[in-house]
Structures are given as structure tokens and as C-alpha cells.
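Asker: These are the residues of each chain, in order.
Number of protein chains: 2
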Amino acid sequence: MTTYRIAVIGGTGPQGKGLGYRFARGGHTVVLGSRAAEKAEATAAEVTERLAGVEGAGTVTGATNADACGEADLVLLAVPYDGHDELVASLPLAGKVVISCVNPLAFDKRGAHGLVIDGGEGSAAESAQRLQPEATVVGAFHHVSAVTLWGDADFLDGEDILVVGDKAEAKEQVMELAASVTGRPGIDSGKLRLARQLEPLTAVLISINRKYKTHSGIRIHGV
Amino acid sequence: MTTYRIAVIGGTGPQGKGLGYRFARGGHTVVLGSRAAEKAEATAAEVTERLAGVEGAGTVTGATNADACGEADLVLLAVPYDGHDELVASLPLAGKVVISCVNPLAFDKRGAHGLVIDGGEGSAAESAQRLQPEATVVGAFHHVSAVTLWGDADFLDGEDILVVGDKAEAKEQVMELAASVTGRPGIDSGKLRLARQLEPLTAVLISINRKYKTHSGIRIHGV
Numbered sequence: 001m002t003t004y005r006i007a008v009i010g011g012t013g014p015q016g017k018g019l020g021y022r023f024a025r026g027g028h029t030v031v032l033g034s035r036a037a038e039k040a041e042a043t044a045a046e047v048t049e050r051l052a053g054v055e056g057a058g059t060v061t062g063a064t065n066a067d068a069c070g071e072a073d074l075v076l077l078a079v080p081y082d083g084h085d086e087l088v089a090s091l092p093l094a095g096k097v098v099i100s101c102v103n104p105l106a107f108d109k110r111g112a113h114g115l116v117i118d119g120g121e122g123s124a125a126e127s128a129q130r131l132q133p134e135a136t137v138v139g140a141f142h143h144v145s146a147v148t149l150w151g152d153a154d155f156l157d158g159e160d161i162l163v164v165g166d167k168a169e170a171k172e173q174v175m176e177l178a179a180s181v182t183g184r185p186g187i188d189s190g191k192l193r194l195a196r197q198l199e200p201l202t203a204v205l206i207s208i209n210r211k212y213k214t215h216s217g218i219r220i221h222g223v
Numbered sequence: 001m002t003t004y005r006i007a008v009i010g011g012t013g014p015q016g017k018g019l020g021y022r023f024a025r026g027g028h029t030v031v032l033g034s035r036a037a038e039k040a041e042a043t044a045a046e047v048t049e050r051l052a053g054v055e056g057a058g059t060v061t062g063a064t065n066a067d068a069c070g071e072a073d074l075v076l077l078a079v080p081y082d083g084h085d086e087l088v089a090s091l092p093l094a095g096k097v098v099i100s101c102v103n104p105l106a107f108d109k110r111g112a113h114g115l116v117i118d119g120g121e122g123s124a125a126e127s128a129q130r131l132q133p134e135a136t137v138v139g140a141f142h143h144v145s146a147v148t149l150w151g152d153a154d155f156l157d158g159e160d161i162l163v164v165g166d167k168a169e170a171k172e173q174v175m176e177l178a179a180s181v182t183g184r185p186g187i188d189s190g191k192l193r194l195a196r197q198l199e200p201l202t203a204v205l206i207s208i209n210r211k212y213k214t215h216s217g218i219r220i221h222g223v
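As given, the protein sequences belong to chains A and B, one line each in that order.
When you line the first sequence up against the UniProt record's numbering, it's residues 1 to 223, in that order.
When you line the second sequence up against the UniProt record's numbering, it's residues 1 to 223, in that order.
All the given hints hold, so there is nothing to weed out.
As the list makes no split between identical chains, a pair holds if one copy fits it or if it spans any two.
Straight-line Cα separation of at most 20 Å, DMTMM-like style, residue types lysine to aspartate or glutamate; simulated pairs:
#1 Lys167 with Asp188
#2 Lys211 with Asp188
#3 Lys96 with Asp67
#4 Lys96 with Glu71
Since the hints were made in silico from the structure, they are not lab data.
My request is simple: use the sequences and hints to build the entire structure.
Answerer: So, in C-alpha cells, the structure goes:
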């Protein structure tokens, strides 16, 4: 298995922290990024403590979002959609594989639903690609719950990671990385534009979670 | 179990025929609808033959789409999105529970993707509800493959039927009906507007099918 140096932008949020924990558990070196380095370092210490005794775990450190990108092979965007474009545009991402798990959602009294991006012909992942044309953006990890990621299971082996992207090599790397979360490679789910479908699907999972008091995830049958 | 009289609009297409077969297998009375009654009758004869020896199966007959609606408790719309609005507006659906499994998709050389309805703030199911305000529209059965439906498995027990709707009673009926396909009730997946998320998800499954040479389906983990 290739081990990567992975920056997690928004690494102090529940999704970023949970995925960072899983990546490090899988042997990857993780730098959690945040607006303030001290906050990132505090979360990194918490994740490191959680990894105590896990054989083969990678190290977890903290830095500012921009510094975290520095030597990373892969950069995970795990930030809220609000402010996403400005932040992504500001980061040094040229030449890197950038993974977006960003879910642009809207909430009202009827629950969660998908936020419409570019009149329905866009997604957070495609926005990131447009803002960083020299990066290679891959969409993945949209549907794993922060609670489950931070939980005690060795792997989220009842769930699948759906991976979309336009460059085969980058997509393969992310599919391989997904094994640190589910115990097996992610599923090649097509071109990057299908992030339009994956991102707002999270609104459906949130509805299911509310109804059934659970932390649901997606499994693809037949692969 | 309640048994229903179910009209399948577009009942000679692969999805309509497959779902009609499963509903009849589950004991429901099915009327397959088509533009021409004779075509519907021929498909009904084919499904009836397929049901030979299935204990407790309901009858399957054919009629024009409009006639099929006549005495139905539930009406399934299993038609292509092209021409959908005109057809739905023409049917006698007032007072009925209408199930939409319609997937508005677009195809180009990069594969399938979701067709944008009403600038991203609509779906086939919502269009049907708007065109038939005295009907109660429920979205379901978007993700089951026609091939699997027509296949030999007793139930598609590795898959889930996601059900969205705004009226609890109608949604419950459809969740119960889903048991004739998967062997267990469908999953309450929220309000009707989430059909915006369910319908184009089929484009992702089509991409997966192409890549992995399979007939994939959706399973919700954690419910």
C-alpha cells in the first residue's frame, strides 16, 4: 500500500477530524489544517491520543490550512460550503490531487435539501476544479458520518466510498485511500460532474438519520 | 398485508414491466398501461406466464394508460422523462396515490448525468404533483434495475427502496408496497423535494454499471 502525506483542510471540524483519524489509522501521515495553527495542533493532539496503541498508524500534526498543503500529496477539502470558494482559491493547490467531500446543503423547517450550484449544473467539487485549474479534483467521502468515523469500528465495512473524477490516476489514488475508511477500495462512480449527484445525496441521509435515529451511510449493491 | 390494485403507466417498458411483475408476485392486482391496449395486453400475457406457479400472485392485465388508472388505488409512473409532463397531465389521477420512479437523465459521450429540472429546484416527481394537484405523488423505485427486477431472485434483498413524499399515509402505502420488491418495507427518505436527489442518482449507478459490468443498486447502511 502506498502511504500518503495528506492535508485535511478544515481538519478541526467533525468530518475532517474523523477522516484524518481514519487516514492516520491506515498508516498515512496527516496534517490537520485550520484557520489558526493552535486550534489545529490541539485537534491533532486529540487524534494522536485516540491513535495510541494502533499499530502502524501515521502521525497527525496541525498547521494553518495553507501550511498544511505545503508538502502534501493529497489535500482533502472538508470545509463548510459557506466560504468554500474564497478559501479554496487562496490555497497553494497547484499540482496536487485535491479531494472534495464538501456537501452544499440548505436547511429549512422541512429539513435538509441540496443547495443549487450554478443553476443545477455545478457542484462544490467542480467549483474547486475551476478555481484551481492546476490541481486535480476528485470527489469522495461525502456520505460517511462524522460520528461513525470517530467511532470504535475497525472499518466502516458496511459502507462504500463513491469516488468521482476526470483523471484516472488521481481517482485510483483516492479509491485506494478509501480502504483506510471502509477496509476496501472506493467505487469508481464516474466523472467529476457526478459530484452534482453525490453531494446533495447527503440531504437524503440526513432525512433518514432524523427519521430512524441513526447515522446512515451508502452501500452499493452488486459491485 | 394490504393488497392494492396498481396501474403501471408505461407498463410495457423494462422498468414498468419489471416492477409490475414484482408487485403481482407480491399478491397485488396489476394493470399494465400503454399507449396501445394490445401492446399492454401482450406484455401482461408475458408477465402472467412468468408468474405461473407463483403461489398467491395477483393477476396482470393490460389496458391503455388512461383506462389502467380507472380503478387503481396506486398508479406507478414508469415512463421516460421525454413527454412525461404531457402524459401525466392527460391522465385521470385525481384522488389517487401516484408513485414516480421517473429518472430525468441526459447522456453524452462522457456518460449519463442528471437532467436539470426547473433550474435545479425541481424533479419529475414534483412536476407530476404540480400537474396533478389532486393526486398525492410519492417518489420511489428509482434505483432498481429492470434486469434485476425481471431476474430469478425471490427478492432484491440486497437493495433498499428509498421513498420520498409529503403525505405520511401515501408514503406508508408505498413503503409497504416496496416489500414486494425487496422483501422488507421501503425507507422513509424525507419530503417529496428530495426526489431532486434520488432521480439523478441513477446516473451514478449507470456509471458504476458501465465500469464494473454489473446491475448495481442502493443499500442504506445503518437502518
